[in-house]
Amino acid sequence: MTGAMTGAVTGAAPKTGGLSSTASPAAARLRARLLRLAVHLPALLFLLAVLSPPLNHDVAAVLNFSERWFAGERLYVDLIDVNPPLIFSLNLVPAAIAAWTPLDGVQALQLCLLALAGLSLWLCLRLREGRAEGTVEAAVLTGLLPLAMLVIGYDFGQREVLMGTAALPYALLAARRMEGRRTARGLWLGTTLLAALGFALKPHFLAVPLLVEALVLLRRGPRRALRDPAPWAMAAVWLAYLAAIPLIFPAYLGYVVPLVWQYYLDLGGQSAWAVLFTPNLAVAAALLLVLLPLAFRATGGPLARVLAAAALGAFLSAWVQHKGWTYHVAPVLMLGGVLAGLLAARAADSVLPLATARRAAPGLALLATAGLALFALRGGEAPFREIGFEDSKAGRLTAWLKHEAYGERLLIISPDIYPVYPALNYAHVQSTLRTMNMWLLQGVYRTCPDSGERYRQPWEMSRAEFFVYRTVAEDFAKAPPAAVLIDRNPGIPWCGREFDFAEYFSRHPLFAATWRHYHQEGEIEGYRLYVRDN
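For what it's worth, the numbering used here labels the leading residue of the sequence shown as 104, then goes sequentially.
It should be emphasised that the hints constitute simulated quantities derived from the structure, not laboratory data. All residues carry an ideal CB built from backbone N, CA and C; glycine is no exception. Any given hint could be a false lead.
Derived DSS-like pairs (lysine-lysine); straight-line CA-CA distance at most 27 angstroms [stated by the list, open to error]:
#: 1; residue 1: K426; residue 2: K505
#: 2; residue 1: K496; residue 2: K426
#: 3; residue 1: K496; residue 2: K581
Simulated DEER-style distance windows between Cβ atoms [stated by the list, open to error]:
#: 4; residue 1: L321; residue 2: G491; range: 41 to 51 angstroms
#: 5; residue 1: A336; residue 2: E556; range: 23 to 33 angstroms
#: 6; residue 1: L228; residue 2: A135; range: 33 to 43 angstroms
#: 7; residue 1: G491; residue 2: L356; range: 26 to 36 angstroms
#: 8; residue 1: L477; residue 2: R132; range: 22 to 32 angstroms
#: 9; residue 1: E628; residue 2: T574; range: 47 to 57 angstroms
#: 10; residue 1: A199; residue 2: A605; range: 49 to 59 angstroms
#: 11; residue 1: S453; residue 2: V180; range: 27 to 37 angstroms
#: 12; residue 1: W335; residue 2: A473; range: 40 to 50 angstroms
#: 13; residue 1: A129; residue 2: A202; range: 31 to 41 angstroms
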C-alpha cells in the first residue's frame, strides 16, 4: 500500500510540474497580447476626443467658407480671408460630401481628416518595411505613430496638424534615402506629394523640408542627393501651386495680401523675444533642447536625426508667426513625441539582451504612449474642452442658435472666431458676412481716429474700412437675413467710449433703413440676437 501511494505521489509530481511549465508561456503570451492592445488605448481615447464636439474654431471657420464657396460664392471676391487658397481648396472635399450625402459639414470633415491620418499611417507602415528596427524600437514606433496624429486633440484639423501628419511618413522616407534604401516608385511618390501639399499650407512650413533636405544632402553628398527625384517632385508641386494662385485667384495677390500686410499681421502678435517665452513655445523649446543633442549622437540613427531636423523646422515655423498659440507648436509635439520615444527605445535595445527586450517591448511601448499622452494632457485642451462643451461658451451659443435660428441666414458682427465657430456649423446657420469676423475693422481701428471722434466719416475711411462699411450695409439691405448676431465686445481699443457695431453701421442709410425692421430677441454670453419682424 505504501509503495502504491508513493508511486502515485511520485507519478503525480511530474504531471503537476508539466501543467505549470505549460501555463507559464501561455500566460506570458496573453500578457504580451494585452500589453500590445493597451499600447493603443491612448490613441483610442484621443480618437474619441477629436470626434466629440467642439470642432476646432479655426477649422470650423475654414470649413464654413469652403461650403459657401462650393455653394457659389467667389473666394477672395465675395469671401475675404487671409488664408492662402490651398486649405479652402482641400476643404471643398468635405463640402462636396456634405452637399451630396446625408452627412453634415462637420461629419464630412472629420471623415476626411481620419482618412488622411489613415493614409499617413499606412504610408508609415509601408516605409518601415525593410528598416533595421530593434525589438523595442519597432514596438514603440507602432504605438507612437498613430497616437502622434491624434494627440493634438482640440487642434485636430488645424493646418499645423495636417502638416505634421504629412511630415511623419516624409521623415521615414528621408531616413530611407539617407540609408540608401530603395523605395517603390508609387510609395515614394505618394509620400512626397502628400508632404508637398502639407508643407504648402503655409509658407513658414517650408522650414521643415529645407532642414530635412539639407540633412539628406550632408549625409548622401551633393551628387547622389541632387539626383534624388523626391525633393524635385516637391518643388514641382510648390511651383505649380504658386503659378496657379495669380491665374485662378488673382484677387488674393492683388487685394487680400496687401490687406494682410497692412492690417492683419500685427493683430495679437508679440515680439520675437516675447513670444519665445510664452508657455507653449517655451515648452517646445525646452523639449528640443533636450532631444536635439541626443538625436545627433552616433547612436541616434538616421530617423532620429530626420525627426529632429523636422521638429526644429516646425519650431522655427511656429516662432516666426509671433503668436505662440497651441496649434502653432502642434507639429513640434507630434514629431518631438515620436523622436523622444524612438531615442528611448533605441537606448533600451542597446542595453537589453534580445530575449529581455522581446519580453519588455510591449510594456515599454505602453510607457512611451502613456508618456506622450500625459505630456499632451498637461495644461492641454483635450479632453477637457470636449467634456465641458455643453456648459462652455461655445456650447451655450450653439444650443441658443439651434433654438432661435437653426438653418437660417444670419449676419454676424463680431471680432471672434471662437465661439461663433463652431456654433454656426452645429446650428447649420448660413453666415452672410464676407469675412469670417470683423478683423478688418479691428485692424483699421488699432489706434483712435485723428479727428478725436469715435468713428471715421466715410470720406475719412481707408479703402479697407470703406469696403467693410459699404458691403455690410449693401448686403444687409439687398437680402435681409432672418437674424443678426452682434457682439457687445468689439475687440477694438477704447477711444473716449466703446465701439458699438450697431451704431457704427447704422450711420449708413441702407443699413439704418433695414435695421428698423429688427428687434432684439435675447442675449447670451455678450451676443445680442436681433430677429427680423414678420
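Which numbered conditions among the earlier hints are violated in the structure presented, ordered from lowest to highest? Hints 1, 3, 5, 6, 7, 9, 10, 11, 13 not satisfied by this model.
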